[in-house]
Each structure stands twice: as structure tokens, then as C-alpha cells.
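Engineer: Below, each chain spelled out in residue letters.
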Amino acid sequence: MKKYLLLFLLALLLLGFPLLVDNDYFIHILVMCGINIMLVLSLNLISGFAGQVSMGHAAFFGIGAYTTGLLALQDVPMWVAMFLSAPAAAIFGFLIGYPVLRLKGHFFAIATLGFGEITHLILNNWMEVTNGPMGLSGIPRPEAILGFDFSSKSHYYYMMLLFIVLLVYFSLRMKNSKTGRALMAIRTDEITARSMGINVTYYKNLAFIWSAAIAGFAGAAYASFIQFLSPETFTTSTSINILTMLLIGGIGSITGSVLGGLFITAMSEYLRAFAEYQMLVYGLLMILVVIFAPKGLNGLVEKGIALLKRR
Amino acid sequence: MGQTILETKNLTIRFGGVVAVDNVSISIQEGQIFGLIGPNGAGKTTMFNLLTGIYKPTQGQIFFRGKDITNLQTHEITPLGISRTFQNIRLLKGHTVFENILLATHHHLNYSFLSAFFKTPAYRRKEQEARQFVDDLIEKYGLKDYRDDIASDLPQGLQRKIEIVRALATKADLIYLDEPAAGLNPVETDELMDLIRRLRSEGKTIFLIEHDMKLVKGICDEIAVLNFGQLVDQGSYEKVTSNPKVIQAYLGRRHEHAQGE
Amino acid sequence: MIEFLQQTINGLVMGSNYVLTALGLTLIFGMLDMLNFAHGELLMVGAFVALALVTGLGFSYVVAIPVAMAVVAIFGVIIQRLAFHPLRNADRVSLLVSSLGVSIILQNLVRLVWGPDPRNMPSPFSDVQIQLGGMALNGQRLFVVLVSAVFIAILYYVIQRTKVGIAMRACAFDMKTARLMGIRANKIILMTFAIGAALAAAAGTLLAPIFSVYPTMGAMATTKAFVVVLLGGIGNVGGAIVGGLILGLVETYAAGYWSSEYKDVIAFVIMILVLLFKPAGLFGKNVQEKV
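Residue numbers (the numbering used here), protein chains in the order written: chain A, 306 to 616; chain B, 1225 to 1485; chain C, 34 to 324.
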């Protein structure tokens, strides 16, 4: 009962937020936060649930973003362009995933790193299509829907809220079904998983493709919000940021993914004055978390709740 | 007994220059408890790995109920009705006993992700059935007290039992047990023997690898002896243990010999 | 023809650089099953230490090389103790992440101290041209190849012929058994880290006069080193030597005869090809996981 009450209050808070806080800058941060959370949730599917650490996720983010941007600039309706970002990224997820998921842990990580680098290189150098370092500008807003015309940033806020709620639900459903159980078995012990009749290749690919699709869709959201794309947004650095957020939040945890996204985005804003030291802090955090709090923020929250329950 | 449930013909595997399993042809009848013995390094676990699709044979064939399963992958073999336990106990770390056994229901739990996403009545029913199935097994085999404990934290004897129940939960008819008595004290070994006999009385066929001769003598209907990857003898315990070639295989080796007797 | 020879020399320069960087990485990977993402940063730190010695303290370039190597060797050991040793029993992901953290810290620390702009490393060989059979060979490049060859030869000798080297190979092949055979694995691990770090520092210092010194120079180096480790087989020193040279040559030919923008893609393409078709490396053997 208490749980539902809390959730209800949270929902009220989240929905009412833009009405209470009329600060454009703040809303902007929240939208970016939302995009990051989407990315972390997507990475969580392959690196958290399935346990295959991917270091090139920005590539799918970029593929989705550029798909949307390029289509929109060709006068494809924005919602259609955004929608198509997911299958576009998913296709690459399949093409890369199928050969590379066979590889064990480290090798898979390096391969995804390589894929991320190649994608960035192509985005940066394929002038005819992507306009290279000069980027794509003038991407339109999404068409008006249900009274939201996206002229105000708070409209994007609600859009992101919807996407995230759907994604969290999606992740929960996956986790609590045979699919989730299979993935977690694969993460822990592939041979046992096979022994239980689980087609490891199929499930790894499934997780990777969905992961790519969602990251791609986050790219679409980004393209529609910022309305300008540059290859510099989709670098290995970005991939590592997403991984950092997942780690600090708690790898494998859905709540953790949200927390991690929130925490790091909030921290980057707070540390904006110290932008120079930001990455340094991240690096240090990564090491500290992995040594002292391997379950991340979510683990700390759980421990906190357990302590409170004992009182 | 009845029909042949498992048969191998000239099963061979080479790793580089080493022939780990050399031209082995055995057949196991439905409902038997079949034992595989031999000195360490004889190729017994390799046999199991071949039979469960973890290794691909260099030569030879494997038949399950007459069907050629030689080139099937592990996850394709389990749904046919075959399951195994491991020499080094492979229970999922960090998961409870219940969760470990629930995993085994994977291949006979049939719903699409779509129905899981929308929580359809069919999905809910099937999940409930699977969970009930697991709970029934847990109750039946005396694991109720440990249901929500982390499996890998429990004592070894219990872990082996859990692994066996997990194998049962795949609804397998043929179960491979790889050294189930390893690390068990005599009391636990007796309990294990009772458990295996109980499985047979429920119609399961058991194929086990063991070093513990007391157990082998006590429950196996038939035994095969492997040495240097080759089949040295096959038959009843008495027949096999009086075969001079078998005795030579054990005594001729300078490391461990079979316990008990 | 001259063009080809010129490219070959350049390829050897890059190749020997890759070898030096990859040697430490392959040994550590073999021993600890750990992908050290911070390895390239050791190269970078080595270059900066040498830079500081030369421009700040007036050391000569040639003397700066071994001093930088020693400093970075100690540094490498400290990093191992602080960031990797606590995680020795954790899963591989944790080690990978920790090394990522170290890499980020090093890159940013250096950037804060020295700034992001590339700096010049003065060397007495940079402006020297040696005439050889109608070709003008740059002195620095020749120096790089020669010194690298010396270091590689020394390491190869140590690995193959000395007791320590055999212990290192044993650990890289099967740590558990090596321990059982009485090898003081922890000591060997520290030594390997130190040597790997020193060689990386050497690589950075040798190349600095050619490509200048900047905080992110290590990132690409790490990736290329991975490719070399993959090519040669994990833990395989001889393989790393051949693999590094192959990568250097192929890359340089491709850049010269095809496109220099996509030069770095070559490494990734090779990486993916190796991972797909020969995951144990050109010289490695496929080892089955024991069940």
C-alpha cells in the first residue's frame, strides 16, 4: 500500500514539475537527462541483463539520430523519421551483433569499441551525406500531437517522461519473464544456460538488437530536441559516459539505470563551473564504485532500505 | 527395461594430437542406471560433453531414442529430454534455489515476449504453472526449507541435490550425472543412492560417472569402463571388476585409484 | 620503388611502436585475463615525463628516454596496486572498468597540468637526414626503429632465456599452475606491469618528436595495441612482435596508396576480421573451456 502511495506521489511530482518550475534552462537539463536515461536503459539490456559489456553504444545513438535528421531534412514527417531511427539502429545492431556476440567478454568489448570508432569516423568523414564536422542543422520539431506543439521545452519533457515510463515498463517485463531469466543466466554462466535449453546466440542477439533500437530512438529524441547534429556528440567518450552512468547507477538494475542517468547528468550540470575537472571526477568515481560499491547507487539504496527496515 | 534410449557408435574426438575419446560404442536401455568408470583423465567427462553437444565429435554418431543427435547443439539437445549435472557444480551464483530450478523450465515454458509484455492471461497462467511446478519439485525432494536461500551458499551435498532437481525440472527422461558423489560423506552418499533409485522408479534413465565404487556397485545396473579414451569393458559390476584389463587400467596408473570396494 | 621503400620504413616505425606498446599489454592480458584500457595512457605519461625532463630540466633527449621509462615503470606498479590489485578476485568487467577509470583520470590530469594542445618534443635526430641508396632517411625515424629493435630484442631474450622470463610466460599461460609450481606470481605480476609500462613509455618517448605530445595520444595507442595483441595471440610475445609490424606496415601502405583519412579504420577492420576468423590470433591455439 505504501509503495503505491509513494509511486502516486512521484507520478504527481513528475507530471506537475514543469508547471511548478518555470525555468527553461532547468527543463532543458531534465530533457537531456531523459535522453541519457533512455541510453542507459538501453545499454542495461545488453550489458546489464545479458552481461556483455558494450563500449560502442554511442554508435547506435548516432545512427538513430542521423537517420532521423537526414530523413527529416528530406521532408519526411518528423514522427515517421523518429520512428524509423529504431529499426535503422536495430539493423546495425543485428549486422554487428551477429558476428561479434560470439566473442567472449573482453573481445566483445573491444569489438564494440572498434565499431563505435568506425561509426564516428564515418559520420565525421562522409561529407556528402552527413556533412562531416559541420553537422546537420535545421532539423524540424516533431509535428503537433494532442495539443503539444513542441514550441516549449516542457512539451519535450512530457515526451521524454512517456518514453522513459514505457522503457522502464519494457525493461521490467523483460526482466520478469523467461527472456530476462535467460539473459541473466547467460550473464552468469553460458554453459549452464545452454544446458537449460537456452539458445544463447539468439538471446544475446535479441538483447543487443533491442538495445540498439532503443539507443537509436534516444538519438531520434535528441535530434528532435537539439535540432542540430554533430559527429562530436557520438564519440567513444559518449559511449564511455553511458557505461559510467550504468555502472554508477548499478549495472543490471533498472532503478539503477535511472539513478545513474540522473546522478551523472545532474553532476555534470553542477560541475559545469568546474567542467575541466568533470571527467576527472568521473574517472575517480568509476574506480571507487567498482571497488567499494559494485552494485552502484541502486545497491546503496537497497542497503539503506534494508537498514531502515531493521529499525 | 525396454528400448535403447541412448546409443553411441564409434564416438571419437581428437584434440590436436590427443585422442580423448576413442571409438566408443555403448548403448543404454530405458530405465537403467548406467555407470561410467575409469581412471582420471580417461575421457569420461569428455564423453558427457560430447553427448550434450558441448564438443563436436571428430567421428562417430550419437542416437537418442533412435534419432541422430550427433550434430545438435546443447540447447537443442535439452528439449529432447536430456539433461546433466556438472563435475564442478554449476549453480548460478547469486540466485536462490527456487530461481535456479525455475531456470530449467525455460524450454518447456512457451510464451512470446509480446504476451509477457502485455501480461496476457495466457502468460500469467503459464508462469504460474511453471512456478507451481518448481515448488512441487522442491517440496517433493525435500528442499522446501532452502527455497529462498542463495544456492551457492549452501553445503556441497545440498548443492548437488539441487543440481539434480534442476536437471529433473527440465522434464528430462535421461539424466547425466557427473561424479555426483564427489565430496560427499558416506551418509550423504547413501542419501544420493536413494535419490537416484527413486528417480529410476519414476521412469528416469540415469547415466553417471563415478569414482565411488560403493555407489557404483550399489546402484548401477550396468557399467562401462573407459581408459585412455577407449572402452575397455562393459557389463555388470562383477563381470567388469574381475576383468584383468580393467584391474590393470586402475593399478597400472600411478595416481589415484578407485575408492571404496 | 623509392616511394615503396619510404613507406616501408614508415611502416616499420609505426610497427615497432605498436610492438613496444603491445608487449606489456599482451603479457598482462595473458596473466590476469585483464584488458588494461589505461595502457595507452602510460605511453602518454611517458612522453610527457620525457617532455618535462627535456624542456623543463634540460635533460638531453637520449637520457630522458630511460629516465622516463623508469618513472613510468614505478608509476605502473603504483596503479596496479591501487586500482587493480583490490579487484583481483572480481569479475573481468570490474577490472576493465577500473582501468577505464584510470585512463580517464590520467588523460584529464595531464590535460589539466599541461593543457590540451600538442607540444613539440625536441630531439637531436629530428633534423638529421641520412642518405641511403638514393633515399633520404629521417634520423629520428631511424633512431626509433633501431632503439625499438634493441628493446624488443632484449625483452625477447629475457622472455625466452631467463628464469624470470620463463616464469612470466608460465604465468601468462596458466597462472594457477604457475603458482602451484612455486612461482611467486604476485612478484611476477608487478614486474610485468613495470616492464610493460616502461616499454609503453619508451614507445611514447620515441614517437614524440615525430608526432608531438598531447593528452589524448594514448587512446588510439591502446586500441591499436589491442589489435596487435589479438593478431599475435594473447600472451604471445613473438606473436605481438610480428603482429605489430604487420599492423604498422599494412596501415602505412593503406594510408599511402589509398586514403589517409580512413587509416585508423584499417586497424579496426583487421581487428574485426581477426575476431571473426582467427580469435586466437594468427599464432594462437584455440583452447577449449574446461567443463
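Treat the hints with care, as some may be off.
[As the list claims (entries may be wrong)] Covered by chain C, per the in silico footprint, the following chain A stretches (three or more residues, Cβ under 8 Å):
(1) 398 to 412
(2) 423 to 436
(3) 518 to 529
[Stated by the list, open to error] Taking lysine to any residue pairs in the SDA-like style, the calculated list, with each CA pair at most 25 Å apart, reads:
(4) B/Lys-1317 - A/Asp-494
(5) A/Lys-614 - B/Phe-1341
(6) C/Lys-296 - C/Tyr-190
Hints were generated in silico from the structure; no laboratory data involved.
In this text, all values refer to a predicted model and were calculated from it rather than measured experimentally.
Quick reminder that beta carbons are idealized off the backbone N, C-alpha and C, glycines included.
Engineer: Evaluate each hint against the coordinates.
Structural biologist: Now for the hints, and whether the structure bears them out:
Chain C is given as covering the segment 398 to 412 of chain A, and this holds because 6 residues of the stretch bring a CB closer than 8 Å to a CB of that chain, at least three being needed. Proximity of the segment 423 to 436 of chain A to chain C, defined as three or more residues with a beta carbon under 8 Å from a beta carbon of that chain, is established by the 3 residues found. For a cut-off of 8 Å, the count of residues in the segment 518 to 529 of chain A with a CB near a CB of chain C stands at 0, and the three-residue condition is violated. Distance hint between B/Lys-1317 and A/Asp-494 is fulfilled; the C-alpha atoms sit about 9 Å from each other, no more than 25 Å.
Using a Cα cut-off of 25 Å, the hinted pair A/Lys-614 and B/Phe-1341 is violated, with the two alpha carbons roughly 32 Å apart. A distance of roughly 33 Å separates the Cα atoms of C/Lys-296 and C/Tyr-190; the hinted pair therefore is violated under the 25 Å criterion.
In summary, the structure is inconsistent with hints 3, 5, 6 from the numbered list given earlier, while agreeing with the others.
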